[in-house]
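> Residue numbers (this note's numbering), protein chains in the order written: chain A, 1 to 271; chain V, 1001 to 1545; chain C, 2001 to 2318.
Keep in mind the hints are simulated off the structure, nothing from the lab. Keep in mind it's a predicted model, so treat the numbers as computed, not measured. Mixed in with the good hints, there may be bad ones.
Stated by the list, open to error - Subject to a maximum C-alpha distance of 25 angstroms in a straight line, what follows is the list of computed SDA-like cross-link-like pairs (lysine to any residue): (1) C:LYS2006 with A:VAL102; (2) A:LYS228 with C:ASP2275; (3) C:LYS2133 with C:ILE2153.
Said to hold, decoys possible - Covered stretches of chain A (chain V as the covering partner; in silico rule of three or more C-beta atoms under 8 angstroms from a C-beta of chain V): (4) 151-161; (5) 167-173.
C-beta atoms are modelled at their ideal positions from N, C-alpha and C, and glycine is treated no differently.
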Amino acid sequence: MMRIPFAAAVGLVLTALYFLAALLAPLIAPYGMAEIVGGVWEPSSAAHWLGTDNIGRDLLTRLIYGGRTTIFIATAATVLSFTTGAILGFLAAVLGGWADQVMSRAIDLLMSIPTLIFALVVLSVMPVTVPMLILVMGLLDSTRVYRLARAVAVDINVMDYVEAAKLRGEGRGWIIFREILPNALSPLIAEMGMRFIFMVLFVSTLSFLGLGVQPPAADWGGIVKENKDGIVYGIPAALLPALAIATLAISVNLVADWVLNRTTSLKGGRG
Amino acid sequence: MTDALLDVRNLKIGATAYPPGEPPQEIEIVHGVSFTLEKGRVLGLIGESGAGKSTIGLAALGYGRGGVKITGGEVWINGRDILKGGIRRLRDLRGAEVTYVAQSAAAAFNPAKKLMEQVTEAAIHHKKFSKAEAEARAVALFGKLGLPDPETFGQRYPHQVSGGQLQRAMTALALCPEPDLVIFDEPTTALDVTTQIDVLAAIKEAIHDTGVAALYITHDLAVVAQVADDIMVLRHGNKVEYGTTDQIINAPQEQYTRELVSVRSIQHEEKLPSPDPVLKVDRVTARYAGTGFDVLKDISVALHPGQTLAVVGESGSGKSTLARAITGLLPPTDGSITFDGRTLSPTLAGRSREDLRELQMIYQMADVAMNPRQTVGTIIGRPLEFYFGLKGREKRARIQELLDQIELGEGFIDRYPAELSGGQKQRVCIARALAAKPKMIICDEVTSALDPLVADGILKLLLALQKREGVAYLFITHDLATVRAIADSIAVMYRGKVVRYGSKTEVLSPPFDDYTDLLLSSVPEMKLGWLEEVIAHRKMESAGN
Amino acid sequence: MSPAIKLIAQRIALGLLLLFLVSILIFVGTLILPGDVAQSILGQSATPEALANLRRDLGLNDPAFTRYINWLTGIFHGDLGTALTSGQDIATAIGSRMSNTLFLAFWAAVISVPLAILLGLTAVRYKDRWPDKLISAVTLASISVPEFMIGYIIMYFIGVKLRWFPSVAMINDSMSLGEKLSAVAMPVMVLTLVVLAHMMRMTRAAILNVMQSPYIETAELKGLNSFMVIFRHAFPNSVAPIVNVVMLNMAYLVVGVVVIEVVFTYPGMGQYLVDHVSKRDVPVVQACGLIFAAVYIVLNMVADIVSILSNPRLRHPK
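Bound conformation, chain A alone (with noise of 0.2 angstroms):
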């Protein structure tokens, strides 16, 4: 019944490899994550398939380890950010009045705000642990969705046939859950897709300027760290990563823009 487009199948197999080997990164990962193995930046090999990082160990282990600590902060700071920010923002467009007034205007204010820096000025007085970093990116990032959930339920709340269960004399969970979530839904699985690739990215910018994961854990843009020195020598195992990003990016990409396509075109119909 339901044809997926070969752009989103693709998208859809990369972004589940991606999500399995971080699952399964012990059994699958060649050598032990901080266990050297051989020379510095040591070209590919058979027995080093990406080759050696700056002190000798496996990169293709790296890479897959550092996917799993990326994916999953990732994963956990969306989770926090839609959570926080769609509960807030449907809360906000029900109520209406000076509790939707106080939150849209504190939330002006955090996001007038760069929010690399305002991570930076939080992250120089916090901890850097993973969950300091989750909760600092989840609740920096849930302003966005706040802002989207908030525009989305306004629209729906305004629409008659919302004016017509009021009318009827239903209930707030009602009105919520039954009139407004399924008919906001997609754009908000949609913007899932942008948030969590802008996490990543995030996370990864992070751990880039030392403020992320800390070693010996890796993580994608702590890769880059370690290895920025070879680039100037020719070697690009720097560059590796980036090329994970961008896989992964426009793989989930792929995937939110047929979510957002399917569900517009529909017009509202079977979901």
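The hints should help you fit chains V and C onto chain A, whose structure is shown.
Positioned in the frame of chain A, the structure of chains V and C alone reads:
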């Protein structure tokens, strides 16, 4: 044939359709239509939505809107097939030989430019007139079209003038380059009825004085009867009937044309008021929060069981606000609302479930009045469950019963709103209201978004249901034909006040107050020469004053 | 003009209010969050005496409100405090770095803005044809890679493999403009790429939005050619959205600059900030954070003011 200005031969037009959940398809929307138009004549194109009338009109400019493409046939203008010769030849034609008047002048004018620059642009661009000549022409046209201060009118920006004035300015824009043919695409549809008549008279006079030929596109047969020499009736992209205006109005040949001519001729016997009204609105005054003026001023009306009170008014009269006040969405600042003998709480939150059940509402836009993610069964079933606790087979049986009442058969219960036509959607909304077994239903412009024949069907259904269920309607509308068809009593609203109120016969019989007189006399009637009669009558009156 | 002036005055007042609130937020964010600043600067192994000394030096024993007022009045006098780690005056240290950063951002803007508008127009002109699709694909690719990755990719291929420009963007006052430009060539290239994608996409959307208006159809039906339709009718209505797009992306550039400076070890504000975040040098972080946020807020404010000014309804009231 040779002296025809416009000669359309076997015109075929295609478009891309996007059926839900399926890949886009190429479809044909106009199937080989032919007609001719001679110099200085006006041809009316009439039909319901989807008839292809606007598409045919734009084809005379060699233009297709969106994904619309001319796929076959010929369009001859001034002895040349405009479809041959490419885009450069078309550009020479557009704005010089053929011009266009859009439905919404408010959107069709560039907001960033003064009116004069836009009105004269085509004439100057095509080197028909110098800048000074074009501006002099524009000023003369402004004057002829009855625009205020014709000398300085062009110095204004579009947002600085009213909708009716903009529509006249758009006509000036079309006439300024001295074209051979003007396409009028529903030029008065977006206007209030009292504004429409003046714009219509101005357009007719301008056409007459300049001797230009025109295609006049509209869905309103009574309007086109005032301006057109000939009429072509279209349906689903086919020509149904073509003849002189007199023949189409007075002696239609085809069944479909007869239906269009006789639309809104529903006969309805006025009922006498009973002693106990179901709804009593007493001295209600209301305003929106944060605004400084009352949108409803001291409104008192009553509605009797099983009867229809029509609330008539133009946009901004407060008629929809009255509905919001009655339903509790906009609590009045003063006055009271009594329903079935008990005083209703002014706010929605303060009303009992029984109050809510007995007072239902149907909306203008059925599309947005139904949750697109619920099936017809859920939409109609919810009030049954909510008010009466019906479940399972019992509920399903009752839903089917309601579907039968609104004349939708088996198989609709599991459909989504997107799979229904406009009329079917409105029927489902009626069924949802009926499911609550209400004593009264507020109908807010329920037929104004529908084509005349579909609207007629809805009105007949509402009357039949009223007879059977004894439900009362508060019927809000701007359309006096609808009022005549269904009302027992009428309240005329103007600027937040009820200016005239009583039984249908009383309200519609003289002596009239000024506003009601203006309103009633502005409704186009389906007879030739009506426009001239009204204008002459008004001139006499104003001369007499 | 009066409604426009009123709105602009309101918008400027809002901008000032935001700046004030942001200063509070940054101050509160760094000093009152859980976790003692002195503790985190010195680490878990610090002696109680050292902690007490540092607390005194930081003025941590004063109430927060007093500290905030002192900080804010200092800023108004151009005194940004002293860096904990080096004891240097922050205002002096920032001075030269800020001009370096502005130099970098200026050239990135000079190149990217016209290029983005040109490419955006091209995408609209050839909508759904190959130039449009190519532009969309490149956009998708470039927003899917973090800024620093683009930096290294360019450094690797252009700096290391092709050796066109130096890989490390050293810059100082004694260099000539030509030398300086050659030094910043690669960072400018990267920054341009980073903002170009967003700006192009948003420009395309803004113009397409205008091109779908009924008045564009009116213009076409007057027999005007595409050039005239775009420049006489679409352009006057696109100025506001495009300026808006440009300003938003300049704001985005502010953030991009932080990371790119680190990649090319360019002596600007961004690197200064990141260095001192790792060193937990709170006064420096506060000062830099406030400056970056201020630039961002001002650019957003300018964008809003431009759209107010270009709205005919507000310029020519009834």
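> Each hint should be assessed against the structure and marked as holding or not.
Evaluated hints:
no., hint, result
1, C:LYS2006 with A:VAL102, "24 angstroms, holds"
2, A:LYS228 with C:ASP2275, "17 angstroms, holds"
3, C:LYS2133 with C:ILE2153, "23 angstroms, holds"
4, 151-161, "holds (count 3)"
5, 167-173, "holds (count 4)"
The structure shown violates none of the earlier numbered hints.
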